[in-house]
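A.B. asks: As a plain string of letters, each chain reads:
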Amino acid sequence: MATGPKVANTREDLLRVEGLTKIYDGAVKAVDNVSLTVATGEIFALLGGSGCGKSTLLRMLAGFETPTKGKIFLADEDITNLPPYKRPINMMFQSYALFPHLSVWENIAFGLRRDHVPNDQIKERVESMLSLVQLGKYAQRKPHQLSGGQQQRVALARSLAKRPKLLLLDEPLGALDKKLRETTQLELVNIIEEVGVTCVLVTHDQEEAMTMASRIAVMSEGYFLQVGAPDEVYEMPNSRQVADFIGNVNMFDGVVEVDEPDHVTVRCDECVHYVGHGISGNKGMSVGVALRPEKILLSKERPQGEFNWCEGEVVEIVYFGDHTTYHLKLPNGKVIKAQEINNTRDLSCGLTWGDRAYARWNDLAMVVVTQ
Amino acid sequence: MIKLFSRSWMIAVYIFLYLPIVTLVVFSFNNSSLVTVWSHASLRWYTVLANDADLIAAVGLSLKIAFLSALMSVFFGTFTAFALNRYRRFRGRTLLASMASTPLVMPDVIVGLSLLLMLVSMQHWLGFPERGLFTILLGHALLGTAYATVVVTSRLREMDGKLDEAAMDLGCQPFQVFRLVTLPLLVPALVSAFLLTFTLSFDDVVLSSFLSGPGYSTLPMVVFSRARLGLNPTINAVATVTITVVTIAVVASSFYQSHMERKRKRDIALAYSDKNQ
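So the protein lines, in turn, are chains P and Y.
The numbering used here applies: residue 1 is where the first sequence begins, and numbers increase by one.
The numbering used here applies: residue 1001 is where the second sequence begins, and numbers increase by one.
Some clues are possibly wrong.
Stated by the list, open to error - In silico BS3-like links for lysine-lysine, alpha-carbon gap of 27 angstroms or less: (1) P:Lys-123 <-> P:Lys-142; (2) Y:Lys-1162 <-> P:Lys-86; (3) P:Lys-29 <-> Y:Lys-1263; (4) Y:Lys-1064 <-> P:Lys-142; (5) P:Lys-137 <-> Y:Lys-1263; (6) P:Lys-142 <-> Y:Lys-1263; (7) P:Lys-334 <-> P:Lys-283; (8) Y:Lys-1162 <-> P:Lys-71; (9) P:Lys-86 <-> P:Lys-123; (10) P:Lys-179 <-> Y:Lys-1265; (11) Y:Lys-1162 <-> P:Lys-69.
Calculated from the structure, these hints are not laboratory results.
Please read all numbers here as calculations on a predicted model, not as lab measurements.
Next comes chain P alone, as it looks inside the complex:
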């Protein structure tokens, strides 16, 4: 089902983090024993809600926070105790942090000047950066004379100008409005891939993580819940929390009734799930069955067979334009969501408030989670 990471695992690891822990004030564990490796050229996303420790982890990579325990290696060199100005790592800040008193040109040249790069090389490098982010004609403007999207690109150019081994992105699109985000997202990935820099990005927006990253780490309370390619994390969440956090999900609680190598059935209060593959549990175990709304089909006719359907009453219809979400209230009071694509101009299944409807799904649509 999953295609695996976009970057082959045979590439060498650039960043290696071992057992990194940050404890604030001797009590609050912001980051709890995190280990990870990032391959050269990879875009790695740390995804989580606020306070999950993703920013602290990023700040430790940049050198703004000292880890309480653990080690950070960059290209096999221990950089755990290097100050930020000695690390071959650059960061793009969420608020961009452009220097307001310097022009776009000087902002981009700032890092190069600190390294005493000769002037002609600075000029060359800054100009290539400006053309990379297509801001050549704004070189002499001050940051406040630019729009949000332009500022974001200056910030990117500035963080790439020193050709860092590792680029850190802190909520790279957080400050842009929705329309601009979509175009900027792809533009950002294109630029990063063109430069070929390895990237760790932090975001709370799953869409951003999924479209930009080749691997995602879902973080909660300071540790990684799951690390994997975007489709892996979405289609095969390894726990309730991950299923819940990434996208929408209907969760059924049940007990494994039949446990065979090629299929299992899970009896829930609402229905019986027939799962078309084996699971790593055993008979009698209580499990959760996660089912995404877009994998449910609604109809007015009662489906055949005894598995993978349930009956309910339409209590809410939410129209999104491209799709519609129906809230179905099951006999035991549980409400599930089903998403139907509006592929014709009249509402596809002709359901309205108060209708009886049947929800069905196929035997590979759901994921059994044990925690």
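Please build the complex by placing chain Y on the supplied structure of chain P, with the hints as guidance.
C.D. replies: Below, chain Y without anything else, positioned relative to chain P:
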């Protein structure tokens, strides 16, 4: 009705605030040697002022002290503010914070008196310092540092700490961060701290009276002592000159500020009018 009331209230307040100053300016052009009796307009007292060596020396001394003490205040105030804001925890931080702001609330008389006592005993034991320009300077710098600290602190607080981090990220060592990022952004605050402490020093009579020695009379001290002997229209002339200078400075700076504000708004409008975002 309410409008009428509020308008006349406003006019009353303006009269209350500015009538004395207007009177002073008008009477500086009075020919009579009696301050309160108008005879006819003349520049007589400006001529007298131009020949009054004491008064001119006092103006010179005041300007000199104000300039130097403002420089010292801004220098020390900036570093105090920086220490209090950028280094979160160090021994004696609370002590420094409260000490730095004490002169703001302490009555000038107390500060002046205690400084005088200290200086007198210092001179007794060490033979240094002689009371005069230097001691006045010290007193004014002490007071000014407290004010400058407050001004710079408020600017540092509202400054984005991420800028420091960005500078460090791009290869600045801590002192370079200060020199290349923090300091340039502090310039407006430093200018206002300088103007504020300059004015404070130029205006001060209490501390100066305690700390000055023979031959060192600042302008406010001279005005004050002459006023006790009976007012002399020369004082009006001095005051008018001062007011003129101050007014020009204030008007110029507010013009400059509104010009910058308009420019900023234009720039922002320009940025957003571009199709290429």
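A.B. asks: A separate judgement is required for each hint: does it hold in the structure or not?
C.D. replies: Hint by hint, here is what the structure shows:
Restraint check for Lys-123 (chain P) and Lys-142 (chain P): the C-alpha separation of about 18 angstroms stays at or below 27 angstroms, so the hint holds. Taken as a hint, the Lys-1162 (chain Y) and Lys-86 (chain P) pair is honoured in the structure, with Cα atoms around 18 angstroms apart against an allowance of 27 angstroms. Proximity of Lys-29 (chain P) to Lys-1263 (chain Y) is assessed by CA-CA distance (about 48 angstroms); at most 27 angstroms being required, the pair is judged violated. Our distance criterion of 27 angstroms between C-alpha atoms is broken by Lys-1064 (chain Y) and Lys-142 (chain P), whose separation comes to about 38 angstroms.
The hinted pair formed by Lys-137 (chain P) and Lys-1263 (chain Y) meets the criterion: a straight-line CA distance of about 20 angstroms does not exceed 27 angstroms. The straight-line distance between the Cα atoms of Lys-142 (chain P) and Lys-1263 (chain Y) is roughly 12 angstroms, inside the 27 angstroms bound, and the hint therefore holds. Distance hint between Lys-334 (chain P) and Lys-283 (chain P) is fulfilled; the C-alpha atoms sit about 25 angstroms from each other, no more than 27 angstroms. Between the alpha carbons of Lys-1162 (chain Y) and Lys-71 (chain P) the distance comes to roughly 25 angstroms, so the proposed pair stays at or under 27 angstroms and holds.
At most 27 angstroms may separate the alpha-carbon atoms for a hinted pair to count; Lys-86 (chain P) and Lys-123 (chain P) meet this at roughly 23 angstroms. Under the criterion of a C-alpha separation no larger than 27 angstroms, the hint pairing Lys-179 (chain P) with Lys-1265 (chain Y) is consistent with the structure, at around 25 angstroms. Under the criterion of a C-alpha separation no larger than 27 angstroms, the hint pairing Lys-1162 (chain Y) with Lys-69 (chain P) is consistent with the structure, at around 25 angstroms.
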